[in-house]
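*Asks:* The sequence shown: position 147 = 147 (full-length UniProt numbering), numbered continuously.
Note that these hints are calculated values from the structure, not bench results.
Idealized CB from N, CA, C, for every residue including glycine.
Any given hint could turn out to be false.
As the list claims (entries may be wrong) - Each pair of labels, with its calculated beta carbon distance range:
#1 Ala58 / Val83: 26 to 34 angstroms
#2 Phe21 / Asn55: 43 to 51 angstroms
#3 Val80 / Leu48: 16 to 24 angstroms
#4 Leu84 / Cys153: 16 to 24 angstroms
#5 Gln129 / Ala34: 21 to 29 angstroms
#6 Thr130 / Leu48: 18 to 26 angstroms
#7 Phe11 / Ala34: 24 to 32 angstroms
#8 Met107 / Asp8: 12 to 20 angstroms
#9 Arg76 / Asp8: 28 to 36 angstroms
#10 Ala126 / Leu147: 31 to 39 angstroms
#11 Ala58 / Phe18: 39 to 47 angstroms
#12 Val80 / Ala150: 51 to 59 angstroms
#13 Gly61 / Ile108: 35 to 43 angstroms
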Amino acid sequence: MRGTVLLDWAFWMQETAFSLFMVENFWNVPIAQAIHILSIGAAFGSVLMIVLRVNGMAGAGLTFEQTAARFVPWVRWGLVVIVLSGLSMIMAEPVRNMINAVFWIKMIALVVMVLVSLSWIGSVRAAAQTAGVSYVGTGGAKATGWLIMALWCLIIVCGRWIAYVPV
1 MRGTVLLDWA FWMQETAFSL FMVENFWNVP IAQAIHILSI GAAFGSVLMI
51 VLRVNGMAGA GLTFEQTAAR FVPWVRWGLV VIVLSGLSMI MAEPVRNMIN
101 AVFWIKMIAL VVMVLVSLSW IGSVRAAAQT AGVSYVGTGG AKATGWLIMA
151 LWCLIIVCGR WIAYVPV
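With the sequences and hints as input, model every part of the structure.
*Replies:* Listed below in structure tokens is the structure:
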């Protein structure tokens with residue numbers, strides 16, 4: 001990836017005012033990392049609760065809509081904060097990130113996870129509206145929920161792995 005336009009772009013990003021602000025102030029990167037990790041925990045835990053509800057393993061006394069109303073805002077806001085804190089960390093070390101294959105695996109998995117999640121939540125909501133409290137997902141809905149959790153785990157592992165890949 002060193003011979004691609006990504007390296008030129010990374011060098012340009014490295015000279016921006018925001019990148020310099022992130023690097024020159026010692027606490028900026030650790031604060032961004034802490035916010036990023038806390039947001040991942042909130043969003044991951046909320047997605048897990050939704051998946052467990054679809055699988056009939058949690059929230060049995062609640063309709064799916066009640067479960068979604070409780071946890072989907074945490075997922076949405078968590079993703080917003082994850083993206084913002086992630087962008088600030090990218091800007092702090094653009095060269096390390098932009099030419100790192102694991103970083104791009106993480107980004108692709110993130111996009112796939114978000115698209116699959118949006119489709120899945122829509123189809124589950126439609127199916128759950130008629131079933132009420134007794135709703136338990138079909139085999140496909142359950143499997144897709146666990147696929148989403150696996151993608152979250154891949155994203156988390158890649159996020160940690162980025163630091164150990166030589167660039």
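*Asks:* Can you let me know if the beta-carbon spacing of Gly61 and Ile108 is within 35 to 43 angstroms?
*Replies:* 38 angstroms, holds
*Asks:* May I ask you to test the hint 28 to 36 angstroms on the CB atoms belonging to Arg76 and Asp8?
*Replies:* Given a distance of about 34 angstroms, which is inside 28 to 36 angstroms, the answer is holds.
*Asks:* Between Ala58 and Phe18, does the beta-carbon spacing fit 39 to 47 angstroms?
*Replies:* For Ala58 and Phe18 the Cβ distance comes to about 41 angstroms; the hint holds.
*Asks:* Do the Cβ positions of Val80 and Ala150 conform to the proposed distance bound of 51 to 59 angstroms?
*Replies:* 23 angstroms, violated
*Asks:* Holds or violated: the 26 to 34 angstroms window for the beta-carbon distance between Ala58 and Val83?
*Replies:* 27 angstroms, holds
*Asks:* Holds or violated: 31 to 39 angstroms for the Cβ distance of Ala126 and Leu147?
*Replies:* 19 angstroms, violated
*Asks:* Mind checking the hinted window 12 to 20 angstroms against the Cβ distance between Met107 and Asp8?
*Replies:* 18 angstroms, holds
*Asks:* Do the Cβ positions of Phe21 and Asn55 conform to the proposed distance bound of 43 to 51 angstroms?
*Replies:* For Phe21 and Asn55 the Cβ distance comes to about 45 angstroms; the hint holds.
*Asks:* State, for the Cβ atoms of Thr130 and Leu48, whether the hinted interval 18 to 26 angstroms holds or is violated.
*Replies:* Since the Cβ atoms of Thr130 and Leu48 sit about 25 angstroms apart, the hinted range of 18 to 26 angstroms holds.
*Asks:* For Leu84 and Cys153, compare the CB-CB distance with the range 16 to 24 angstroms and indicate the outcome.
*Replies:* Taking Cβ atoms as reference, Leu84 and Cys153 lie about 22 angstroms apart, which means the hint holds.
*Asks:* For the pair Phe11 and Ala34, does the Cβ-Cβ distance stay inside 24 to 32 angstroms?
*Replies:* At roughly 28 angstroms between Cβ atoms, Ala34 and Phe11 fall inside 24 to 32 angstroms, so the hint holds.
*Asks:* Against the range 21 to 29 angstroms, how does the distance between the Cβ atoms of Gln129 and Ala34 compare: consistent or not?
*Replies:* Violated, at about 39 angstroms.
When each numbered hint is compared with the structure, violations occur for hints 5, 10 and 12.
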